[in-house]
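Listed below, chain by chain, are the residues.
Protein chains: 2
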Amino acid sequence: MASRSISANCRKVVCIGRNYADHIKELNNARPKKPFFFLKPPSSILEPNSGPVLRPKGTTLHYEVELALIVGPKPLVDLSEGDEKGALDAIAGYAISIDMTARNMQDEAKKKGLPWTAAKGFDTFLPVSKFIEKGKVPDPHDVEVWLSVNGDERQRDSTGLMLFRIPRILSEVSRVMRLEEGDLVLTGTPKGVGRVEVGDVMRAGVRVGGKGVEEGNIEVEVAEKGGLFEYTET
Amino acid sequence: MASRSISANCRKVVCIGRNYADHIKELNNARPKKPFFFLKPPSSILEPNSGPVLRPKGTTLHYEVELALIVGPKPLVDLSEGDEKGALDAIAGYAISIDMTARNMQDEAKKKGLPWTAAKGFDTFLPVSKFIEKGKVPDPHDVEVWLSVNGDERQRDSTGLMLFRIPRILSEVSRVMRLEEGDLVLTGTPKGVGRVEVGDVMRAGVRVGGKGVEEGNIEVEVAEKGGLFEYTET
Ligand SMILES: [Mg+2]
Ligand SMILES: [Mg+2]
Ligand SMILES: [Mg+2]
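Those sequence lines, one after another, are chains A and B.
Taken in order, the first sequence gives residues 1 to 234; the numbers are from this note's numbering.
Taken in order, the second sequence gives residues 1 to 234; the numbers are from this note's numbering.
None of these hints come from the bench; they were simulated from the model.
One should not assume that every hint holds.
Since the list gives no way to pick out one identical chain from another, each pair is judged satisfied if it fits inside one copy or across any two copies.
Below, simulated BS3-like cross-link-like pairs (lysine-lysine); rule was C-alpha separation at most 25 angstroms, straight line [stated by the list, open to error]: (1) Lys130 with Lys33; (2) Lys130 with Lys112; (3) Lys111 with Lys74; (4) Lys33 with Lys57; (5) Lys111 with Lys25; (6) Lys57 with Lys34; (7) Lys136 with Lys74; (8) Lys136 with Lys34; (9) Lys34 with Lys111; (10) Lys74 with Lys191; (11) Lys112 with Lys134; (12) Lys111 with Lys136; (13) Lys111 with Lys85; (14) Lys110 with Lys130; (15) Lys211 with Lys112; (16) Lys85 with Lys134; (17) Lys112 with Lys74.
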C-alpha cells in the first residue's frame with residue numbers, strides 16, 4: 001500500500017455481524033447459520049487522534065471492539081472457505097476498530113425490516129487504530145482484543161472465539177463482492193458491548209502473546225454531535 | 001472532477017428507498033415518513049460497455065432504474081432540507097443507473113431484520129451510464145427516466161413524482177454521513193420494477209424536455225454468475 005492511511009485507501013468497510021456466541025446472547029439475537037455482513041461508509045472512519053466520536057442526538061450509542069483486516073493489493077474473488085492460505089495471503093495488515101452503533105436506531109431498523117445503514121454509518125462511527133503490520137500478528141485467530149470505558153475494562157476476549165473464522169468470512173464476502181486493496185473487513189465483536197455517554201473516554205487495543213501492540217491502541221472521547229440530526233422513531 | 005470515470009471517483013453509493021408512490025404499492029411496502037437509505041459498494045458499479053450484469057445462482061434478479069446524483073468537490077454536511085440552492089450546488093453531474101436487486105434475498109433480509117447489503121451489493125449490480133454534465137439537466141425534478149427489457153418498455157416516469165425531492169434527500173443523508181466528491185446518490189425508482197432472466201438485454205436512459213440525452217444511455221445484457229455463490233434461504 002502506498003500510504004498507510006487507512007481511510008485514504010479505503011473504498012468499502014464490510015462488517016460481520018454476530019460472530020461471537022456470548023455477544024449474540026447479550027443482544028438476544030438469533031445465531032446465524034452462515035456469516036452475514038453490512039457496510040459502513042469510508043466517511044465514518046475516524047483516524048487516531050482525530051476524535052471525538054460524536055453521539056447523534058436521541059441515540060443510544062454503543063461500542064463494539066473488533067479486529068479489522070486490511071485487504072492487500074490482489075483483488076479477492078470467490079475465495080474457497082477452506083483456503084486458509086488464500087485468506088491470509090489476501091490480508092495486508094490489521095487494525096483495531098470500534099464499530100460504533102446507534103443501538104436504538106438499529107433496533108427500529110431490525111423491527112421494520114429496514115437497512116441498518118444510518119444506525120451504523122454516521123461520521124466518526126468507526127474509530128480505527130494505526131495500521132498493524134501483518135508480521136506482528138502471527139495468528140489472527142489467537143489475539144486478544146479489549147476495550148475500556150473511563151478505565152473500566154468492558155470487553156476482552158480472544159479472536160479464537162469467532163464462530164466463523166477468517167477464511168470462512170472472506171469466502172462468504174468475496175463470493176458476493178470482490179475485496180480490493182485497502183478495503184476493511186471487521187470480524188465481529190465479542191461480548192461486553194454497551195452504552196457510552198458524552199464525556200466518556202474509550203480505549204481499545206490488542207494483545208498478541210499477552211503483550212500489547214502499540215500501533216493497535218485507540219483512545220477517543222465521546223462528544224455530542226451538533227447539527228441537524230435528531231433521532232425520533234418514525 | 002479530474003476524471004469522468006464514475007467508479008474510479010466513487011467512495012460510497014447512497015441509495016434512497018421507496019421514493020415513488022406507485023413503486024411502494026407494487027412491492028406492498030409501507031410508505032416512509034422520511035427518506036431512508038442503504039449503501040451499495042463501489043465494487044458493484046458497472047461502467048458502460050463493461051457488462052454483462054451477472055445473476056447470482058438461485059436469485060430473483062430485479063432492475064430498478066434511477067437518476068443518480070454525482071457529488072461535487074465541496075463536502076456536504078448538514079444541508080438544510082429547504083436549501084434548494086445548496087442541494088443543486090452540491091451536484092457535479094448526473095448519471096442513469098440501475099439498482100440491481102436480488103429480490104428474494106432482500107425479502108428474506110427484510111423478514112429477518114437483517115442488512116440488505118448482500119441483496120444489493122453483488123459485483124455488477126450497479127450499471128451506470130456515462131457522466132452527464134450538469135448543464136444538460138436544467139431541472140433534475142423534471143426529467144423522464146425509462147428502462148426497457150428486450151425492447152419492451154417497463155419503466156418510464158418523471159422524476160417530478162419523487163415523494164422526497166433532492167434537497168430533502170441530500171439533507172437527510174448529509175446529517176448522518178458527509179457526502180464527498182464522487183459519491184453517488186441514487187434517488188429511488190419509479191413503478192414497473194421486475195425480473196430479468198439470463199440473456200435479457202436491459203436498456204435505460206433519460207429524456208430532458210422530451211429528448212434523449214446520449215450520455216445517459218445504458219445497454220447491458222444479463223448473464224449467469226459463475227463461482228461459489230448460490231442462494232439458499234438460511
Ligand atoms: Mg459490529
Ligand atoms: Mg446496509
Ligand atoms: Mg432502488
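Could you tell me which of the numbered hints above are not met by this structure, giving the numbers in increasing order?
1, 2, 3, 8, 10, 11, 12, 13, 14, 15 and 17
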